Structure formats: structure tokens, C-alpha cells
Amino acid sequence: MAKSIVSAKKLRKVYGDKETVKGISFDVAEGEVFGILGPNGAGKTTTLEMLEAIRPIDGGEAILDGINVADDPEAVKQVIGVQPQTAAFQDKQKLTEIIEMFAAAYGERVNPVEFLKDVQLDEHANSYAETLSGGQKQRLSIAAAIVHSPKVFFMDEPTTGLDPQARRNLWELIQLIQSKGVTVIMTTHYMEEAELLCDRVAIMDDGKIIAMDTPKQLIKDLLKKGFKKHEEVQQANLEDVFIDLTGKALRD
Amino acid sequence: MQVPNDSLSNPLSLKKKLFTVVVFTKLSTKRFFRDRLALFFTILFPLIFLFVFGALAGKSSTSVTFDVAIVNEANTALAKQYVKEADSSKFLKIDPTISSLSAAKNKMVSGQLDATLVLPSNFGTVGSNKIPTGQLQVYYTENDASAGQTLIAVLQSQLQDTSAKYVKISAPLTVASDELNQKSLTEFDYTFSGLLGFSIVGLGIFGPVNVFPELKKQGILRRLHTTPIRVWQYFTATMASQAIIGLISLAVMFIVAVSVFNLKIVGNYLEIIVFLIFSIIMILGIGLAIGGWAKNERQAAPLSNIVVFPMLFLSGTFFPRYAMPIWLQHVTNYLPLTPVIDGVRLLATAGDNLTQLGPQLALMAGWTIVIYAIAFRVFKWE
Numbered sequence: 009m010a011k012s013i014v015s016a017k018k019l020r021k022v023y024g025d026k027e028t029v030k031g032i033s034f035d036v037a038e039g040e041v042f043g044i045l046g047p048n049g050a051g052k053t054t055t056l057e058m059l060e061a062i063r064p065i066d067g068g069e070a071i072l073d074g075i076n077v078a079d080d081p082e083a084v085k086q087v088i089g090v091q092p093q094t095a096a097f098q099d100k101q102k103l104t105e106i107i108e109m110f111a112a113a114y115g116e117r118v119n120p121v122e123f124l125k126d127v128q129l130d131e132h133a134n135s136y137a138e139t140l141s142g143g144q145k146q147r148l149s150i151a152a153a154i155v156h157s158p159k160v161f162f163m164d165e166p167t168t169g170l171d172p173q174a175r176r177n178l179w180e181l182i183q184l185i186q187s188k189g190v191t192v193i194m195t196t197h198y199m200e201e202a203e204l205l206c207d208r209v210a211i212m213d214d215g216k217i218i219a220m221d222t223p224k225q226l227i228k229d230l231l232k233k234g235f236k237k238h239e240e241v242q243q244a245n246l247e248d249v250f251i252d253l254t255g256k257a258l259r260d
Numbered sequence: 127m128q129v130p131n132d133s134l135s136n137p138l139s140l141k142k143k144l145f146t147v148v149v150f151t152k153l154s155t156k157r158f159f160r161d162r163l164a165l166f167f168t169i170l171f172p173l174i175f176l177f178v179f180g181a182l183a184g185k186s187s188t189s190v191t192f193d194v195a196i197v198n199e200a201n202t203a204l205a206k207q208y209v210k211e212a213d214s215s216k217f218l219k220i221d222p223t224i225s226s227l228s229a230a231k232n233k234m235v236s237g238q239l240d241a242t243l244v245l246p247s248n249f250g251t252v253g254s255n256k257i258p259t260g261q262l263q264v265y266y267t268e269n270d271a272s273a274g275q276t277l278i279a280v281l282q283s284q285l286q287d288t289s290a291k292y293v294k295i296s297a298p299l300t301v302a303s304d305e306l307n308q309k310s311l312t313e314f315d316y317t318f319s320g321l322l323g324f325s326i327v328g329l330g331i332f333g334p335v336n337v338f339p340e341l342k343k344q345g346i347l348r349r350l351h352t353t354p355i356r357v358w359q360y361f362t363a364t365m366a367s368q369a370i371i372g373l374i375s376l377a378v379m380f381i382v383a384v385s386v387f388n389l390k391i392v393g394n395y396l397e398i399i400v401f402l403i404f405s406i407i408m409i410l411g412i413g414l415a416i417g418g419w420a421k422n423e424r425q426a427a428p429l430s431n432i433v434v435f436p437m438l439f440l441s442g443t444f445f446p447r448y449a450m451p452i453w454l455q456h457v458t459n460y461l462p463l464t465p466v467i468d469g470v471r472l473l474a475t476a477g478d479n480l481t482q483l484g485p486q487l488a489l490m491a492g493w494t495i496v497i498y499a500i501a502f503r504v505f506k507w508e
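From first to last, the protein sequence lines are chains H and A. Residue numbering for the first sequence follows our numbering, beginning at 9 and increasing consecutively. Residue numbering for the second sequence follows our numbering, beginning at 127 and increasing consecutively.
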């Protein structure tokens, strides 16, 4: 494995008497897309929030780009980009201003239109954020999260609630970000998304990591155990039909 | 994708942190002026109050007038002349609908009339010495006793002047009066400084109290928290932006007060501006503390009402504090809004300098420290 950029050791989070994250450990290599999968309430978002330095770490430690997250949250925040579960922006603010604002939060001055171009929103540069569709807002949110060229990019369920076209477009965007050498840590409920995008995945349940490997290896392991799908494997699924009929072009 | 050249792994320099504040200030001020609802509540709403209270204060402060009815039972020339003169009098407002004492009594009981003047049938009859005599009868109710006494005194001195035309009287004791050139504060001066205070409260407290919980609900503050921005940067940007907006809103009030209600500004404008900025920042701290602490509107609304309404009423916003009992004045002296309202009045209309406002400025500085210490401590990003 390449040099590790994120390293979590026995990470714990306790709310009251409920332990949400129960001492999990994992390493993410530089340039990797790392997926955290799991049902609701498994502790995925809390894990991300601890690594993002916005939630106190109750036990264990996290090292990000050589920085101890608990010791120097501000330094961590300078090297990470965060896309929250729901993209929300203040009303009456132009897209260019939102990019300008997030760049300013890092003390940077950027050309907003270039960042909007990267996510195909340059046509809407002077619109207000509230006029955008869900997929457009997610793309704007990504653009806002990479204004400072982060080394690690956190995405919390980035495609939840998007239509198939917007989702595919977002996948391409994530691959583009990875190709720039940015490490991506994402959570998702969609297995095909994880299979396509993630170099490795950790499956969480009840605050613990119960499996961690490449998607291929995890499938192999399952097959080794003698698992067989009941129905015949089809060469296409309903989503393929949908995309074939409606096209891949973005609808927003 | 664009890649900024400089490394970001070093902590941000102070210059960059201030750049953050400047950009946030600029953008939030811009955003404010696009928001019609916010504009209405910050600029138009206080103006409506200014017109209402200004009209009320103007009415009662121009001169003393009595609402009276005149019942003339006499048919003499003198009585007719008296009614005519009373009609053109500045201090009598005569109700023309009343012609009998019983009708007048009804209106006095309901509080619409202060008193009734009755000219009895023998008023102005000429006696053997060719001099007309008569006795003016004044009726007033128990509640209007003081107004009645004042009215009687005024009428008496008027009748004395009239009598002097017929009989030469040389009074041994007289009163000499002289109008001083010095201007005293009018009721509108108090009203105006109170309304400025009201406007600052609306902007500084209700602004953040309404906005912050909404930003938290949408996760906008949480998203900002994932960037290196610090609470002090966010607060400073909010302060600067609110100060700009506040000064514009207050300037509009000054313009209306001067042009419509003849407010005389005798103070130094620069000092007034400095004082208003300080006031806005202090009061904004209360809004930042409540809005920053509250997780949602359900927490923010009741707390802000508990803090704001007593302060509005007790600090002389809607009526001057000199109308309160002394003990209450002593207590309300120390509320954060009191030195703001007193200070504005002293600076703008009483002609004091900032250097004469030591007690007010000291109290405000104390409150500012306390308020911001709390605001920083209780602030939550989500």
C-alpha cells in the first residue's frame, strides 16, 4: 500500500451512554477513494465528523497528513475539503460569491468562474443558489469544497436523492478529483456506486468495522464461502435501461 | 482545476484571517440589501414607528391646549365678543357640537373634554356705572382637576386684562417674564433617541436571533465549521456588516427626523456615528449570544423576547425614563440599552461631546465585555 494519509486508531465516540463508534481502526492511502458503507446509524457520519475535526474524539487517535486531528483541528481543516450530506447555501447569494466566500474562509482569492466551469455551472455563475436543482447544488457544493486544493476530500452520501443522470455525472466528478491526486473518503448507501468508485471499502455496522478490503476481494471472499445468487446474473439492469432510454445528459 | 500556488499546510497568517473577515463582511452586506423582507424590517419598520410616535410627540409638545365646550346663555355684546375671541384662542380647542351643559357633561365624563365654560344669562349686562359685569362659570370633572385649575388661572388673567379696559387697576405685585434663548429638550428629542434604540435592538438582536437558528437548521454554519474560519472572524464580519447596515438605517431615521419633525441636531456628526457604531456592536452581542447559543427557533424566540421587551420598555425606548418612579430609574440606569438612548440624546440634541459621556461609555464598555464573553462561550456551529 502507498503512503497512508489518514490513519485512525481505535477511534471512539460516545453520546451519553451510547457508544456510536466503538474503537475502529483503518488507514487510507494517498490518492485512494475509500468508501465507508453501512446501514443508517452505523456510525459512518460520526466517523467522518471526527476526522473532519468538527466532532471531539472521545477515544483513540486520528492522524491526517501527519497532523494529530485532536491536537490541531485548524491545521487539519486547511488540508481537507468537506461535502456535507445536504448541500445548503444562504439565499440571495450568487454562485460566484459562494465560491469567493469559501475560498476566503481559507484566506484564498480565486477566480470563481473557473471552479464553476469544472462542475459545469459556469452558465449559472450569476444566479442565486436557491434557483439550482438538487444535482446542481451538489456540484456547487463540491466546487466550494475544493477551492483550496485539499489533500483529503470527505463526501457524505454525495448522491443520495439525485436522479440517475446527476448521479453518473457526480461519479465522473469524483473520478476527476481522484485523478488530481486527491484522496477521497466517502460514505454511501449505494453498493454499485461503491463498487465502481472505491478502491477499498470498510463496511460498518453498530459502530464497528466488520469488513474492509477492495470491493473485488470482498466479493471473492463471499463467493469462496459458497454464496450463490438465486437469480441468473443479467447483463443489464433496469438502471441501464433507464439511462439507455433517457440518455446520459444532465437534466438540470 | 485551479491550484493555488502557496502551500496551505502552514497556519493562516493574520493578514489572511483578516482577508476572510473582509470578504465575509462584503458578501453578507450585499446579501442583506437583496433581501426585501430584511430591508423592510430594518429600515422601513423603524420609520413607521418614527412617524407614529413623532406625530404623537409633536402634538403634545407644541403648546398647551384645552379641549373645552362653551355654552353661551347670555345675549349681550360682551358675551358674543368673548365667544368669538375664545374661538380664535391658541390654547382653547372648542368643541362646536356642544350647545348645552348636559351634553358637555357627557363628553367631560367620557374624557373627550377637559372643561366647559358657561356664560350665564347675565354675563355682560351693563350696570348703572356703564361698566359690563359678569361671572364666567367653569365646570370640570374630578379627574381633570389639575387641567381645570390651570385653565381657571389662565382665564382669570385674561378676564383681568379685559376688566382693565373698563377699570384702571394698578396691581402692586406683578410677574415679569422673559424667554431664554437656550433650547430645552422637547418630547420629540426623547422619542427620537428612544426609537434609535429600538431600531438598534431590532437590527442587532432580532437579526441574528432569526437568522442563526435557520443557518444551523440548514447545516450552513456546520459547513463553515469544516473550514478554518474561527468564531471571532465570523463574529467580526457580522459586526462590521451590521454596523454598515445599521448606520444606513439610522441615517434614514435622522434624515426623516430632521426634515419632517424638525429635529435640531446640535452635536458633532462624527461623534454621533462613532457612538452609534459602538452601540450597534454592543447590542449585536446580545443577538449573537442568543442566536449563537440557540439550537433552533424554539429556543431563540422566547429567550430573545424575555431579554428584549423588558429592556425596550425600561430603557426609555417608547416613553422617557424621567416618567418612571425614581427607584425604577436607578435600576434601569444600568440596563445596556439605557446608556445608548441617553447617549444619543445627549450627543445629538443636547449638544454634549463624547468626552462628557464618561458614565455611559464606561457602562457600555462593561456590558460589551460581559456580553461578548458570554457570546463566545455559548456559540454553537450547529
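Any given hint might turn out to be false.
So the derived label-pair ranges between C-beta atoms look like this [said to hold, decoys possible]:
1) A/R356 <-> H/G24: 39 to 45 Å
2) H/K26 <-> A/E397: 56 to 62 Å
3) H/I251 <-> A/F166: 46 to 52 Å
4) H/E138 <-> A/F444: 35 to 41 Å
Counterexamples of contact, computed for chain A against chain H with all Cβ distances above 10 Å [claimed, not checked]:
5) D221
6) V280
7) I452
8) W507
Okay, the calculated bits of chain A under chain H, using three or more residues with CB under 8 Å as the criterion [claimed, not checked]:
9) 342-350
10) 387-395
By construction, these hints were calculated from the structure, which means they are not laboratory data. No experiment lies behind these values; they were computed from the predicted model shown. All residues carry an ideal CB built from backbone N, CA and C; glycine is no exception.
Cross-check of the supplied hints:
1. A/R356 <-> H/G24: 39 to 45 Å: violated, 29 Å
2. H/K26 <-> A/E397: 56 to 62 Å: This hint holds: roughly 58 Å between Cβ atoms.
3. H/I251 <-> A/F166: 46 to 52 Å: Given a distance of about 48 Å, which is inside 46 to 52 Å, the answer is holds.
4. H/E138 <-> A/F444: 35 to 41 Å: The hinted range 35 to 41 Å holds for H/E138 and A/F444, with Cβ atoms some 37 Å apart.
5. D221: At roughly 54 Å from the nearest Cβ of chain H, A/D221 sits farther out than 10 Å, so the non-interface label holds.
6. V280: At roughly 60 Å from the nearest Cβ of chain H, A/V280 sits farther out than 10 Å, so the non-interface label holds.
7. I452: It holds; A/I452 is separated from chain H by about 48 Å at its closest Cβ, greater than 10 Å.
8. W507: For A/W507, whose nearest Cβ neighbour in chain H is about 7 Å away, the distance does not exceed 10 Å, so it is violated.
9. 342-350: holds (count 6)
10. 387-395: Answer violated; 0 residues pass the 8 Å Cβ test.
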